[in-house]
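Protein sequences appear in the order of chains A and B. Under the numbering used here, the first residue of the first sequence is numbered 1, with each subsequent residue one higher. Under the numbering used here, the first residue of the second sequence is numbered 1, with each subsequent residue one higher.
Bear in mind the hints are in silico, worked out from the structure with no lab data behind them. Please note: incorrect hints may appear among the correct ones.
Since the list gives no way to pick out one identical chain from another, each pair is judged satisfied if it fits inside one copy or across any two copies.
To be verified - The calculated lysine to aspartate or glutamate pairs, modelled on DMTMM-like cross-linking and capped at a C-alpha distance of 25 Å, are:
1. K79 / E44
2. K149 / D61
3. K79 / E114
4. K203 / E174
5. K86 / E114
6. K35 / E186
7. K22 / E114
8. K183 / D57
9. K35 / E114
10. K149 / D33
11. K203 / D138
Protein chains: 2
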Amino acid sequence: MNYDRIRAYMTKQQLFKNIGKKQSFLCIGLDTDIKKIPRHLLQEEDPVFAFNKAIIDATADYCIAYKPNSAFYESLGYKGQLSLEKTVNHIRQNHPDQFVIADAKRGDIGNTSELYARAVFDNSGFDAVTVAPYMGEDSVKPFLIYPGKWVILLALTSNRGSHDFQLTAGRDGERLFEKVLRKSQEWASDEQMMYVVGATQGKLFADIRKIVPDHFLLVPGVGAQGGSLAEVTKYGMNAQCGLLVNSSRQILYAGNTERFAEAARQEAQKVQQEMAGYLQRLF
Amino acid sequence: MNYDRIRAYMTKQQLFKNIGKKQSFLCIGLDTDIKKIPRHLLQEEDPVFAFNKAIIDATADYCIAYKPNSAFYESLGYKGQLSLEKTVNHIRQNHPDQFVIADAKRGDIGNTSELYARAVFDNSGFDAVTVAPYMGEDSVKPFLIYPGKWVILLALTSNRGSHDFQLTAGRDGERLFEKVLRKSQEWASDEQMMYVVGATQGKLFADIRKIVPDHFLLVPGVGAQGGSLAEVTKYGMNAQCGLLVNSSRQILYAGNTERFAEAARQEAQKVQQEMAGYLQRLF
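Could you put together the complete structure from these sequences and hints?
Structure (structure tokens):
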């Protein structure tokens, strides 16, 4: 399906407009685990899609982006792939103002990254994909040839393992995540590239903003992982907001009864209301 | 399906035995591009599987491993996933002495890596998966809880972009790929971990062998990417061979007529014969 007929590409300006309209910079991570969804959904033909559809329709008023996490769909084989495709279709057709991110952390030699790009952009109609920087420029560039599509490059992740390599300083004192931020700006501008920075990284957001003052940052790690929204906005927000803060488990699994979607909606609204407070300085 | 009933896990010792028996350390990369396979296969119900099956049955005498490249299957949506599952089933059932690697370059926070591990080991029956190290220990460990399964960690890749970050030296002079090799040995032994080192890296194999003298290395980049098998074996071979050298395009697309599988067989045999020469010093 050619989704570009349904709506134009999502530009940075459009994202900012949506943030203002919704008074939210919430991204909901669709980490849908078949082992965690309410039992009554298991009677459905496609329980994962049924869960996602209900969650999306219940929460779309309070968020500006959805981020399906590839791993959860891959773990179900080709059926999971089908659930994922249906989920993206549902968002694109019913909530066309939502930014849709494939959280896939891909990256390989050029001819292989080309195929990954084809998978997420041509076939599945995502707006953006997360990419791992370890293999360098030619592993990232094939994702950038799609006009209007976004690469979200891992910079400083939310997990404990981020300390193993990302914080290693080079001879010039530059840490690996800083080198990734600096070097990757030679590959694309802030109109086509964002960075993943974990909410758990606190004051390091200030160091990051010195290198990428204008870029959007995709920020996982609020909620189940323990990051603080107050701290992220304090150190990470810029004049165009510049933040997409992700929450997954805290919203998806807010309830476990037949009213799970309503519970998710309330949880999303709670986060949105906190965000509206932080946005007062911008609008 | 429980493949572990078909054959036991592939240990390092078993791999070495297979190398001796076949006089080969060739891994064939199943980078099957539907745009490149012979036209007559497009009439088949599943052209990608038909191609893979023919290639595998024609080449299995000359190699010890197959490495399907995820991207090529993902680019075809859920149908590609089905082709991949059938391909792995075919190898496991008909060529049980082959080592089967998911070239997926995965890696994410712990709870997500768990799902990726479930996808490749529980559902698909692979022996090994390639993993990107950028996110550190807790992104790799979930793959290591499967007894008898292997992680193949990216160390020094074959592409030009390997220079962007992997070769950056830290304050102590240790380069990133060396830090990955050293640090990851705290997570698993050479009985469960291998490393990706590109054939194009030439003499750097000698530096790598100083840090991981006993590990197997998965070596892509011979053939289309220009790496030299002579150089790789000169600097990289150890007493138990310690090399799985991958070739993809050069073998898969050796012919483009109805006799494509025969052409692939001849190409694989040619590589095997060169390898047999290098193996003389070990057996």
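Hints versus structure:
When the C-alpha separation of K79 and E44 is checked against a cutoff of 25 Å, the pair qualifies both within a copy, at 13 Å, and between copies, at 22 Å. Only within a single protomer do K149 and D61 lie at most 25 Å apart by alpha-carbon distance; the minimum there is 23 Å, versus 44 Å between protomers. For a Cα distance limit of 25 Å, the shortest separation of K79 from E114 qualifies both inside one copy, at 24 Å, and across copies, at 18 Å. Taking the shortest alpha-carbon separations for K203 and E174, only the intra-copy value of 17 Å comes in at or below 25 Å, while the best inter-copy value is 27 Å.
In this homomeric assembly, K86 and E114 come within 25 Å of each other (Cα to Cα) both inside a single copy, at 23 Å, and across copies, at 24 Å. In this homomeric assembly, K35 and E186 never come within 25 Å of each other (Cα to Cα): the closest approach is 43 Å inside a single copy and 32 Å across copies. With identical chains, the CA atoms of K22 and E114 are never at most 25 Å apart, being 35 Å at best within one copy and 34 Å at best between copies. When the C-alpha separation of K183 and D57 is checked against a cutoff of 25 Å, the pair qualifies neither within a copy, at 39 Å, nor between copies, at 45 Å.
Taking the closest pair of Cα atoms, K35 and E114 come within 25 Å of each other only across two copies (13 Å); inside a single copy the shortest separation is 33 Å, beyond that limit. Taking the shortest alpha-carbon separations for K149 and D33, only the inter-copy value of 23 Å comes in at or below 25 Å, while the best intra-copy value is 27 Å. Only between protomers do K203 and D138 lie at most 25 Å apart by alpha-carbon distance; the minimum there is 22 Å, versus 31 Å within a single protomer.
Against the hints set out earlier in the document, violations occur for numbers 6, 7 and 8.
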